[in-house]
Amino acid sequence: MNSLSRPRKGPLKEGAFTSPLHSPRTAALLGIALGITFTICFLTGVLSHFIQQPPSWFTWPSRPVGLYRVTQGLHVATGFIAIPLLLGKLWTVYPRLWQWPPIESPTHLVERISLVPLVAGSVFLLFTGIANISLWYPWRFFFPAGHYWASWITMGALIVHVGAKATIVRIELWGRDPAGLQVALDGGLSRRGFLGVIAGTAGVLTLTTIGQTLSPLNGLAVLAPRRPNVGPQGFPVNKSAASAKVLDSARDPAYRLRVTGRVERPLSLSLDELRDLQQHRATLPITCVEGWSATVDWEGIRVRELLDLVGVARGHSVRVESLQPDGLYRVSVLNPIHADDPDTLLALRCNGEALHIDHGYPLRLIGPNRPGVMQTKWVSELFVL
Amino acid sequence: MRPRIFWICAVLGWLVMAYGVWGLVDNATLTNPEQWIRWFIGSLVVHDFVIAPLTFAVGAFLVARVPRRMRAPFQAGLIASAVIVLTTWPLVRGYGLRSDNPSALPNDYLGGLAMVLIAVWSVVAAVAWRARKRP
Numbered sequence: 009m010n011s012l013s014r015p016r017k018g019p020l021k022e023g024a025f026t027s028p029l030h031s032p033r034t035a036a037l038l039g040i041a042l043g044i045t046f047t048i049c050f051l052t053g054v055l056s057h058f059i060q061q062p063p064s065w066f067t068w069p070s071r072p073v074g075l076y077r078v079t080q081g082l083h084v085a086t087g088f089i090a091i092p093l094l095l096g097k098l099w100t101v102y103p104r105l106w107q108w109p110p111i112e113s114p115t116h117l118v119e120r121i122s123l124v125p126l127v128a129g130s131v132f133l134l135f136t137g138i139a140n141i142s143l144w145y146p147w148r149f150f151f152p153a154g155h156y157w158a159s160w161i162t163m164g165a166l167i168v169h170v171g172a173k174a175t176i177v178r179i180e181l182w183g184r185d186p187a188g189l190q191v192a193l194d195g196g197l198s199r200r201g202f203l204g205v206i207a208g209t210a211g212v213l214t215l216t217t218i219g220q221t222l223s224p225l226n227g228l229a230v231l232a233p234r235r236p237n238v239g240p241q242g243f244p245v246n247k248s249a250a251s252a253k254v255l256d257s258a259r260d261p262a263y264r265l266r267v268t269g270r271v272e273r274p275l276s277l278s279l280d281e282l283r284d285l286q287q288h289r290a291t292l293p294i295t296c297v298e299g300w301s302a303t304v305d306w307e308g309i310r311v312r313e314l315l316d317l318v319g320v321a322r323g324h325s326v327r328v329e330s331l332q333p334d335g336l337y338r339v340s341v342l343n344p345i346h347a348d349d350p351d352t353l354l355a356l357r358c359n360g361e362a363l364h365i366d367h368g369y370p371l372r373l374i375g376p377n378r379p380g381v382m383q384t385k386w387v388s389e390l391f392v393l
Numbered sequence: 032m033r034p035r036i037f038w039i040c041a042v043l044g045w046l047v048m049a050y051g052v053w054g055l056v057d058n059a060t061l062t063n064p065e066q067w068i069r070w071f072i073g074s075l076v077v078h079d080f081v082i083a084p085l086t087f088a089v090g091a092f093l094v095a096r097v098p099r100r101m102r103a104p105f106q107a108g109l110i111a112s113a114v115i116v117l118t119t120w121p122l123v124r125g126y127g128l129r130s131d132n133p134s135a136l137p138n139d140y141l142g143g144l145a146m147v148l149i150a151v152w153s154v155v156a157a158v159a160w161r162a163r164k165r166p
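Line by line, the protein sequences are chains A and B. For what it's worth, our numbering labels the leading residue of the first sequence as 9, then goes sequentially. For what it's worth, our numbering labels the leading residue of the second sequence as 32, then goes sequentially.
Source of the hints: derived by calculation from the structure; they are not laboratory data. Be careful, since some hints might not be right.
[Unchecked claim] Ranges between beta-carbon positions, derived for each pair:
1. F25/A to V76/B: 13 to 23 Å
2. P84/B to E361/A: 49 to 59 Å
3. G23/A to L85/B: 19 to 29 Å
Quick caveat: nothing in here was measured; it's all calculated off a predicted structure. Backbone N, C-alpha and C fix where the C-beta goes; we use that ideal spot for every residue, glycine too.
Excised from the complex, chain A in its bound form (with noise of 0.2 Å):
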């Protein structure tokens, strides 16, 4: 015997998997489904990120005003989806694991290291993206960052995965194939009935937390993070103002927003004077992108009406500062698109009431089609870039 002899041991051992399920049909289809909700993934986060980390070409409208709500809506609840897809993905091909040889040409080599990061990134895509949206942090890095960079890993591993099992795909794809629904003979489940448990296993995912973001299946979003309509005013809070220490700057009875910056004369304003400007109603989602929504009738300042006070010409972007002392998100930018929305207020009322301290009072931002983390809340300076 040589040395690449079969250990004949634990899952080394010949016949150590015996169910029929760990088949390349079962995987390839298995896999396909993944392909695609990775993809949608992948596309819906990397326009997430560009919309909050704009580069030079990239523009993000202002309309139509729920876009980010349906597009980060749905790589929430692609993921969810993801989740019972590549456990079972995983499940299928782990006898693949401990093949012997481990290694069978060079090409194959290229193709089991490209496993790593395919493994690896897409546990830790699914992972940390539930613990994001459970708000739950045990790591010590920035979740977006993080998130984000191992995305593009992964997604490059799957391109190489792609290429290294596009002919086994096909053959199995468009193979016949008579044995979908033949009863394993163990008693246990067919392949159609493995696939069904995972599509209903998505399904179930889907319907206990889509509501979070889809308002008619509210009633039946038992595990969902948010609710749509729990919180201050009808709606939820992602950052309280405690957090954010702003309880008593928010509160202080000298606040005045200033604006300034390329302005032909700063302007600073009570907020009486605010109060006493033109007020205008838009109706408006907030948007996080942890996936959740809610629609909320806002009331306050136009921005452009601002910036038409001080003497902007319209076609500038605005820098919008918060009170917030500190954090990543103290500062958001409205492109000229955003800024000259007819829709972006400086709200001073949501649902009818003065703005509730955890939603931004006294002013916040909002414009349509936007993340609700650059719908800066505590604003305390506009400034013209």
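Dock chain B against chain A, hints included.
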């Protein structure tokens, strides 16, 4: 011989991966690569050497104790339950609860999970009941 698509995808895929690694290192103050790599590789290790072996062991142990014709629905119930419990575990344990923000994680997740599992196993029971009558 590998078809051409293997090499096209291999080169493209490794370029994309290289971009990801570059971004990770270039943004080191945010990504904390030393910490990140632990969670990245840890994801693989925990899945391949803890979760998967446990799944095989527990599955084999339990399924062997169920009458043959009940096995398929029983397996289905186990798979669905395990995935749902795993996914909702951080919510059920309330790791993310914060005293300053009651609108975060507002549900009774243990109760919700129990309801969902009861629904899953009701379907399992109904299917098993029908299977019982089959020859």
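Structure-based check of all given hints:
Remark: the range hint 13 to 23 Å for F25/A to V76/B is upheld by a beta-carbon distance near 20 Å. A hinted range of 49 to 59 Å for the beta carbons of P84/B and E361/A is consistent with their spacing of about 55 Å. At roughly 21 Å, the beta-carbon separation of G23/A and L85/B lies within the given 19 to 29 Å, and the hint holds.
Taken one by one, the earlier hints all hold for this structure without exception.
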